[in-house]
Structures are given as structure tokens and as C-alpha cells.
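K.L.:
Sequence:
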Amino acid sequence: MNIEHAVVSSEKAEDRDGRATIIACKPILKGEEVTISYIDEDLPFEKRQALLADYNFRCRCTKCLEEEP
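So for the sequence shown, the UniProt record's numbering puts the first residue at 1; every next one is plus one.
A hint or two may mislead.
Unchecked claim - Simulated pairs of lysine to aspartate or glutamate, EDC-like, Cα-Cα distance not exceeding 16 Å:
| # | residue 1 | residue 2 |
| --- | --- | --- |
| 1 | Lys12 | Asp40 |
| 2 | Lys63 | Glu41 |
| 3 | Lys47 | Glu67 |
| 4 | Lys12 | Glu33 |
| 5 | Lys47 | Glu68 |
| 6 | Lys30 | Glu11 |
| 7 | Lys63 | Asp42 |
Honestly, the hints are just simulated from the structure, not real lab data.
Since this is a predicted model, take the numbers as computed values, not measurements.
Work the whole structure out from these sequences, hints included.
P.N.:
Structure representation (C-alpha cells):
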């Protein structure tokens, strides 16, 4: 299973005894993409993009596309 990035994600990751646990934030439909946010989703657009750029990554999720200047 691939887990992609989206600022507004369908799942969240938690650390449980040193293991990452992925928890669904909403029902996941068959064939729907599974996403988590790699960064703090409450950061301003520019800060989110700058943090992701450190990893040569540009977010194109719905929230970032809507907030893009």
C-alpha cells in the first residue's frame, strides 16, 4: 500500500511504542487514495511549501492548490 501526502489527509500517523500506526480519519472507499500529511497542516501555505521543498517535494493537494498565490 502506498501512502501519499496531502495537507488535508484521510489518515493520521501516530507513534505507538516506537511503531508508526496509521489511523483513518474518515471511511475509506474502495480504490480511494490513502494520504497522510508529512507536515503541520496548520502552517501557512508558504511555510508548508518551503518545508516540503527541503525534500524536493511540491505539494499539489487540494488545499495547497486552493491557497497557491
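K.L.:
Look at each hint and say if it fits the structure.
P.N.:
For each hint, the structure was consulted:
Of the supplied pair hints, the one linking Lys12 and Asp40 holds, its CA atoms being roughly 11 Å apart against a limit of 16 Å. Between the alpha carbons of Lys63 and Glu41 the distance comes to roughly 9 Å, so the proposed pair stays at or under 16 Å and holds. Between Lys47 and Glu67 the alpha-carbon distance is near 12 Å, which keeps this suggested pair within the 16 Å criterion. Under the criterion of a C-alpha separation no larger than 16 Å, the hint pairing Lys12 with Glu33 is consistent with the structure, at around 14 Å.
Using a Cα cut-off of 16 Å, the hinted pair Lys47 and Glu68 holds, with the two alpha carbons roughly 12 Å apart. The hinted pair formed by Lys30 and Glu11 meets the criterion: a straight-line CA distance of about 15 Å does not exceed 16 Å. The suggested pairing of Lys63 with Asp42 holds, with an alpha-carbon distance near 11 Å, which does not exceed 16 Å.
Against the hints set out earlier in the document, no violation occurs for any number.
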